[in-house]
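Asks: Can you join these two chains into the complex? Each is in its own frame, and there are hints to help.
The chain contents come next:
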Amino acid sequence: MSPRRHLPTRRDLSRRGFLGTSALLALGACTGCGDGTDLIPAWGFDFGGWDTGRDPEVAGPFDVPAAQKIDLVRHVAGRVSFGLRPDDYGRIRGLGATQEDAARAFLEEQLAPESIEDESARLIVRRLETLDEPVGMLFEFQPDLLLRELSRGALLRAVYSRRQLFEVMVSFWTDHFNIDVSKGDCRWLKTADDRDVVRAHALGSFPELLRASATSPAMLWYLDGRTNRRRTPDERPNENYARELLELHTLGVDGGYTQQDVMEVARCLTGWTVRSEEKFFKGRVEFRPDEHDNGAKTVLGHRIPSGLGRRDLDRVLDLVALHPSTARFLATKLCRRFIATPPPTNAVDVVAQAFLDSRGDIRSTLRALFQTPEFFDEHSRYRGNRLKRPFHFVVSALRTTGAQTRADDRLLDYLLSMGQAPFQHPTPDGYPEEETPWLGTLVWRWKFAVALAENRIPDVSLRIESLLREFGDLEDLARHVLGRQPTAAERSGILRSASRGPQALALLVASPAFQRF
Amino acid sequence: MGQVHAPQPTGPNTPKVHVSGDGDQEKTLVVIFLRGGADGLTLVPPVADDGYHRARPLLGIDTNEGHRLDDLFALHPHLGALRPLFDEGRFGVIHAAGSDDHTRSHFSAQDLMEHGGEGVGGGWLGRYLRYGAGQDAGGGVQASALSAVALGKTLPESLRSAPSAVVMEDFDSLALGQDSYATALLLHEIELLYGLETGELGHASRSAVSALRRIEDLRGRPYVPSGGAEYPKGEFGRGLREIARMIKARVGLEAATLDLNGWDSHLTQSALLAPLLRNLGDGLAAFADDLGPQLATTQVVVMTEFGRRVHENASFGTDHGRGSVMLTLGGACDALPSLGGHVTADWPGLDGSVLEGPGDLPVVHDYRDVLTPILHWHSGSTDDAPLPRVFPDHDPQPVWRRRHSPS
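Line by line, the protein sequences are chains H and X.
With the first letter of the first sequence counted as 1, position 202 gets the number 202 in my numbering; the numbers rise by one all the way through.
With the first letter of the second sequence counted as 1, position 402 gets the number 1402 in my numbering; the numbers rise by one all the way through.
If we strip away everything but chain X, and leave its shape as in the complex, we get (with noise of 0.2 Å):
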């Protein structure tokens, strides 16, 4: 049964390190929901599994078709633009991931998946940012104005509990005020104010009047991706163009989130899910080419509540099933190299025997044991400790350690 921990006894208070405002050291986690449950065997076909084709006959994706990444398995063709990440390492997949959730039920599997557990308070995004990895950490993080943000209208519920967040929808949103000028000449007023303040107060002014020049330095500007990055046109792209003028601002943006919506594909699957692949695909490779060296420090994961049926139904479609995947891109590759490079799987194969309840591929890895390599790189170090505070009753298995092994 799931507890609500008490904070330690309150001793000296230990803030998490921050160099909100300067920076430089953070790094950024992108978390990436994909609402509507996503067909893993879509994203990425297992194109050398009979099953597969036997189960998909008018859905599947061929064995030429896609990107070949190993073995086994495929990227479907409208993401080949994450081909080139996969073959440098910095692009990887999960496959057969998810949750324990049976319910199949979109709201129950993404409550549970957002919250990281049952019976616990608030979201494992919010509950990381305000606890930190460390197994002691006591309460009363401090958190930089502008560490996590949700991009869009509302706050996904895996930030609840966040020391911060905020929900906005672009850049513009951050700046102090809407005049850039009278806000310069505000923001000097402020400062000279808090410049008299010797305690706290007036240290903590420091990194929030230049977290806000640089806001209103970057504001007014049009934005120009580097390295001739192309957004897809649309809410994701955009949202992920906003999420990378951040990090480049150096805001202290330490986690922020995105949802892709639509992915409930029972039927026409192969039309509705093509746009949608095409905005994926080409959205996060524009997202590593604009940030450059900086994805070193950025780490994005791509989830979703749940797999789907693995035979296809009458309508051209896929019902709600278990397994899907889940996609990583960015600087934990490095630290953690079997991210990056490969499809992880403990491939069970498709076969009627092994599928789940009413035919579904099983959750062979747990979304926390991919989450929690991914938040101890975050937080600098290199445990693979459970995070009690984070996943409550989760002891985690490393997953990015397994490989798949081919029949």
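Excised from the complex, chain H in its bound form (with noise of 0.2 Å):
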């Protein structure tokens, strides 16, 4: 790791004196009945055996943004991220003598999960014992226990992580193959899904990626595909997930196939099916040959010979997974994640193209993606213009803050308020990622930033004091959340809110910046 940089302008006195000593003052004089920081006990909080692997205090002291305007590397950072923690922005601007250097080597850092250090988040969420638990096993459990493991496993993984960009992928994928697991035995299979085709391939490659899916039981039940099989010449496939795989999965909407083409991919999947009957091998994906339809297929002006059997799933993926439509489709909604909304067609082309390129290497295309100028944005169109949906806001707002997380209930109730609960959106297209429907979410949001700053979370562990205490003041921890100099209209309302306890933390939470990213 890079020695921290000290950027020589960050200690310049002048710029930094409204929210000097005199507030810190007051608002530690608010937070308890009396003196101040010491009145809270230390770290009052029982983590129950958890090791979180982290020293619990929030250690400065911390390099701040200084800029009027979102820098290059906050919104680089921010951007492949679920938010900064109060060491990240130092670190990352240390990574490169120049603003530009240091977010691309921070780019190449996180397009390189495997070589990021990560035990403390792995030990976190080790207690989650039944993530690891084969297939057949998870018939074993409670679909509640499951459920809840496979979201606190989301978000502590998110919030803990220092493999960032890798855990935006991972829910990045979550939508784009979505499985909603309170349909029928998704609720114990979800978390093999989660496992061995989300997380297992995320920044890997698309088409294996696509596979994995294709075969996961999970999918296989979410999608129908399990009863899609053709005995007799009168049975009619399902096409529910052949209709998905093309709308959703791969080509898109507008991707230029046809219902032909949906009816001709659901006969080529005839006969994949889990068991979910005996109570041996159940949630095994298994290819039965006498409910395979076994004719000729034509997909998208391509001719499948008869009797291909089993086969005919892999010229199908061979088809779609690397179709000019898919790269094209699949850019777009990288470049809406990673740029704005709507994306700009520029980088589109360009990602699409990459895509292309490298067979579907997610990594591969990811860097095109960073090396876009619409990406880095020098002329700040985008920056700082993408709203966070619920769960990014919920785990920025405990990456920002430093505090600490189990994520038991009460954080994913939350969650559930805000719409966007993990794991439970109804319909194949995932979570949106556009504005609208989420506006109805700032109450939740809003009374979050409150309990948060207050502390009143259960299961979850702010120290305000010690924040204030290694920022040094309330103008810097102000540049920690928004991510630059605050505008004169936040600097006056935090300083109004400054004399009532932990009120300037939740309006910086609270506030329109932080609801974006």
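Everything labelled a hint here was simulated from the structure, so no lab data went into it.
Idealized CB from N, CA, C, for every residue including glycine.
Treat the hints loosely; a few may be bogus.
Not close to chain H: a few residues of chain X, all C-beta gaps over 12 Å, as computed [as the list claims (entries may be wrong)]: (1) Ala1208; (2) Ser1338; (3) Val1354; (4) Asp1366; (5) Ser1379; (6) Asp1384.
Examples of chain H residues lying across from chain X (beta carbon under 8 Å, computed) [what the hints assert, rightly or not]: (7) Thr98; (8) Leu507; (9) Ser511.
Label-pair ranges, simulated between beta-carbon atoms [unchecked claim]: (10) Asp1395(X) to Thr487(H): 41 to 47 Å; (11) His379(H) to Ser1226(X): 54 to 60 Å; (12) Thr98(H) to Gly1380(X): 57 to 63 Å.
Replies: Following this line, the structure appears as structure tokens:
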């Protein structure tokens, strides 16, 4: 790791005068009922044997963004993560001599998650034992427990993992290959899908990811593939998976396929099913030749000869995984996530081409995206303009404040209230990336901000005194949370709130700027 | 086979119109689930059916005991508080109602009824709130923050997949912060910052601020129900009271759920059910009194996973059966007159020949046939078309137009 690099301008006192010592003292004086910092018991939070692997103290001093607008390092780090921890900005800025060098070095680091030491996150999640259970064993557990551990795992990894881009991509593919746990055996099988499909391939090869999803027992349940069979000429294949494969997983709705293609793909996939009755081998995926339509098919203009049996699946996936429409569809979604909504077309073109050139290598595709001028966005057209979805908001609030959490029920309840409970989106399109569906969540975002700042969320622990002490003053804390200097309005709001305990922090987390990234 | 339907391709986003935070136009649906399998033959006994008295020599309600509703049915004596509402046409009964579930298992039957079908993701109420009643409605509905509330400690399966679902135990848990004074100041600061936002976020913030202001206004003041309403003590009465409070506070509440547990009356049924029946009848009557004119924009539906065996068992109880009752109370009865002031039932009778399986009242009216017109009413239409996104693969029969034909 590079040595900490202090930016000379940061300690320019004339710039820091607004929210100096007096505000800090006022804040400290109000959090308890006497002399401030000592009143709150030192780290008075029982993790019940959970070793979070992190020093619970937020240890400064911290470098914070100094510019009036969001600078490049902060912009890039915010886009490829679930928010910056107190020490992130200084560390990332120190990765290069210039902002651009630092940003590029950070992106390369994140594109190679296997080289990022992440033992503490691994230890935290290790307690969630069902996450490691093989498919067949999952049926031994209550579905409620499985969903809870799965959801907690998603939250804890997003909060604690240093492999932030990886976790962002896990969230991206979780929506792309959405499975709602409330359908059928998905309540048991999604745990395996999360591990063996999404996490196994999140930064790998798209064709391999697609193939894993196509033969995932949870997906065979969720989109009815398990009932797609043709034992007699009269039996009609179930088209559900075939349609979503083309519409949502690969080509996209305007990708140039026809209803005839959907029906032909469904025929190709007949016979793939998942055992659901017997006690043993429950959840096992298998191909039943007697339920397969072994005639010739034509998919997207390509003839698939008769008699291929289970190899029909390979043919279909070969045709769609690297189809130009798939490249365009995925590039559009990636650019939406990482650049802007609607995504700039120049960037989409570049990213789609990189996807094809690399034969669907997800890292190469992302690297190309990160190299587009639209991503770095020198003219600040897109910086700070993407609305965080509720999961992102909650995780970023925890990361930003250095709060500790076990991600227990209360935290999940907040996500439920904001409409983004993990793994519970009912339709196969996944939680939307657009703004409009999330605009009704402000009440709960604000309630969360207040409860977090007042340290009132069970299983979450935030020490506002040490946060302030380590940042030095409110101005620096504000710069860290907002990613830039506070505006005049923000600054006066924070100043007025500073005299009322943790409200200044609540206001920062509730502010419009913190809803965006 | 159930299909998970993908939303229509996203063209222009057409969110459902909400008046969140200023919910004068809002209609509220209240879904009460009687968990454990409530005995429809006790709630609304067919006192003029001889078969009933033959099957229930000890547990049956005497012909003169209940509150007679028509030439066949009576209300249980403990539900007497609902009688005036029945006469006014605001309370109604659908008898021999239930679901397709033949397992007679609490878990399976509740699961099926709350999900609203097999092989479909989410719950029926959640899907309705997300997609509306329109057949072509796309995804991406913008819900107000308090559009769906589950009173209690856990989210019922019916609300899964709602665009927003809040689990809460009382009105106060909606407040922004604990200290009213500090909360008001903070809300002011939040309002100032969002006031500088020109886009949709700024617009959305205004309804959020006003909803929180109204909550703040009402919180702290002791709640005095209107119309002299007295809620029964306990969780159920309190839950109804909090729902009434939210409706009156116009926080944009579209749907609320509340459970009344303990109906699994295998033994000493009469003693077991008496307090539950009083709770239910007195609670609903108090709710109606409290809401007053606002009952016109509120609709309560009471449902249960299954009814009970027609013949009483040897322990003075009844075992798991099939058909039960659904109860309706509220404003939908104005638009759907036969919902109120009637017992709707294609009454099959209780002869051995019509009973199902081990001797159960068959399900004549599918619960979805009752819910479909109510959801249409809630969404402001008078349609009675199927709701494929809410109840996939179900073609509703217009139950609300059918009346019982006395034997």
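Asks: Does each hint hold? Answer for all of them.
Replies: Here is how each hint holds up against the structure:
1. Ala1208: 4 Å, violated
2. Ser1338: 32 Å, holds
3. Val1354: 33 Å, holds
4. Asp1366: Correct as stated: the minimum Cβ-Cβ distance to chain H is 21 Å, above 12 Å.
5. Ser1379: 17 Å, holds
6. Asp1384: Asp1384(X) is indeed farther than 12 Å from all Cβ atoms of chain H, at 24 Å.
7. Thr98: 33 Å, violated
8. Leu507: 5 Å, holds
9. Ser511: Status holds, d = 5 Å.
10. Asp1395(X) to Thr487(H): 41 to 47 Å: Violated, at about 57 Å.
11. His379(H) to Ser1226(X): 54 to 60 Å: 59 Å, holds
12. Thr98(H) to Gly1380(X): 57 to 63 Å: 59 Å, holds
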